[in-house]
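J.: Sequence:
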Amino acid sequence: MTTRLQILWGAFTGALLTASLLAVSYAASMEKAFGFPFIAYDVFDWLARNLPGKILTFGIDTMVDLIIALNVGETDDTAKLAERWLAVLTVFGGGVVFGTLFFVILQRFSRLKNEFPVYGLGLGLVVGFGLAVLSNSVNVSSTADSTVSFIWIVGLFALWGTTLNWVYTRLLHVSAENADGPSRRQFLIQVGGATATITLLGAGLAELLKEEIQIEGGDIDISQARDTTALAFDPAPGTRPEYTPLEDHYRIDINSGRPPVIEAADWRLKIGGLVNNTMELSLDDLRNNYEPVYQFVTLSCISNRIGGDLISTTRWTGVPLHMILDEVELKDNASHLLVKSADNFFEYVDIELVKSDPRVMLTYEWDGVPLPEQHGFPLRIYIPDRYGMKQPKWITEIEVVEKWEAGYWVRRGWSRDAIVRATSVVDTVATDSVYERSGTMVVPVGGIAYAGARSVSKVEVRVDGGEWSEAQLREPLSNTTWVLWRYDWPFHAGEHTFEVRCVDGENAPQIEEKEGVRPDGATGIHARKAEL
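Offset between the sequence shown (1-based) and this note's numbering: plus 429.
These are calculated hints, taken from the structure and not from any lab test.
Note that the structure is a prediction, hence the values are computed from the model and not measured.
Treat the hints with caution; some may be incorrect.
Distance ranges between label pairs, derived from CB positions [stated by the list, open to error]:
#1 I651 x G523: 48 to 58 Å
#2 G523 x T432: 52 to 62 Å
#3 D893 x K483: 19 to 29 Å
#4 K958 x R513: 43 to 53 Å
#5 T869 x K958: 52 to 62 Å
#6 W897 x K958: 16 to 26 Å
#7 R478 x P674: 45 to 55 Å
#8 D650 x G868: 51 to 61 Å
#9 D713 x E758: 43 to 53 Å
#10 E924 x A462: 49 to 59 Å
A virtual CB, placed ideally from N, CA and C, is assigned to each residue, including glycine.
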């Protein structure tokens, strides 16, 4: 075969075999099957943890911008799906490249021809061993024994390499017999049919075995959070729910596939470092030995664009962190807490902040039920006035240290402090709910405003660049949640642009100048057009 044909057949064979490998690996990763690691997700997670911060954040920004521009769904769900497809395509592309190089090298060095596919086996063992080591360093969701998983990955790639070599050898024999006849075509059709069957069976089996993680919230009565007589108005039709259903709460983390799988009975929170009394606390210890605190909280992602959907509100239940620090007795040189997570995420928390704000808590419940697996079970931290990037989930250890260092996202170019920036959003211009008030037809306009733990004191709306007019504010669930606002605008036919801005509880106005999300979070005025 010519070099050109070798490249084509190598790429073709690499593609077929890698597709089959991925399908089998995916099916075997299902918990109902074997719970092995899915190598594509592990490769992608390893790249995400080791690529330079600028490359990583550029990729994140580009992905989110495309999701918003194409309007293809909720940002968090769509981004997670895109990550998974990128993971699969990354390994698939690698398989194509390896297949191509393997065919070309064997042809170039004809003395390497061997009836037994020793070279392919060697390639598979080397690649498999490297990927098994990589997987072992990042995988947090496999339920299989780590040694068995290691052997599985090496064996899977050894079979891949052996088959690659076998196809090459068979093509040589077919080429020698009849280079232009039907034999080669028949052989490749047979290989393609076999690998396609394996791929489809693997993918189909994975779908049958896949167990969707169900999130069921509690039965929280938010009317008890405030005096209902103070609710002077109903939200404008189309305004988002004041309290986010648990299944709709946004999710952003560093895991491409399933989040860390942690057994409650085996889990312990280790607290050590610069303390006089080290501690290990079980989940039952946290629930039963400390008086729980309850807090309605709005949490937002620092990657959230103006008007984006990476923001949600629910009720958090947990233990004030300062109570636990009192028990471990901090040493005089203690300065920060290094909070570590099961997925290798980490962040530093200022001890003075913990001491000065009793709302800083270790949280074990959302919405009155244990934290969902996707959102940090069994434990996460809540720090008021900070974006989600500063608040680790799946916490396993707290180490008391002498000085601050850059946390996971800070090392990748994001804000050191990540203090929430005030934002406001026009959720709706209720064109279908125009009504008459005092002889004037008005259209309800509404949305949310949020300023971290600083609360919101005022929201203003303007139409078509005119004067700013103050909107009505609904009493929030707490001073750490968003506030719903409403403005009834006198109806005028035509297309109009509605803008909104807010002032926080410290009388600081929302920043109106437009800035991107990096490094400190987005700023700017949100606007919505409507045809009346």
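J.: Could you run down the list of hints and mark each one as holding or not?
T.: Hints and how they fare:
1. I651 x G523: 48 to 58 Å: Because 50 Å falls inside the window, the suggested range holds.
2. G523 x T432: 52 to 62 Å: Hint violated: Cβ distance 21 Å, outside 52 to 62 Å.
3. D893 x K483: 19 to 29 Å: violated (40 Å)
4. K958 x R513: 43 to 53 Å: violated (34 Å)
5. T869 x K958: 52 to 62 Å: The hinted range 52 to 62 Å is violated for T869 and K958, with Cβ atoms some 22 Å apart.
6. W897 x K958: 16 to 26 Å: Holds - the Cβ-Cβ distance for W897 and K958, about 18 Å, lies within 16 to 26 Å.
7. R478 x P674: 45 to 55 Å: violated (32 Å)
8. D650 x G868: 51 to 61 Å: violated (39 Å)
9. D713 x E758: 43 to 53 Å: Cβ of D713 to Cβ of E758: about 23 Å, so the range 43 to 53 Å is violated.
10. E924 x A462: 49 to 59 Å: Once the Cβ atoms are compared, 55 Å apart, the range 49 to 59 Å for A462 and E924 holds.
In this structure, the hints that do not hold are numbers 2, 3, 4, 5, 7, 8 and 9, in rising order.
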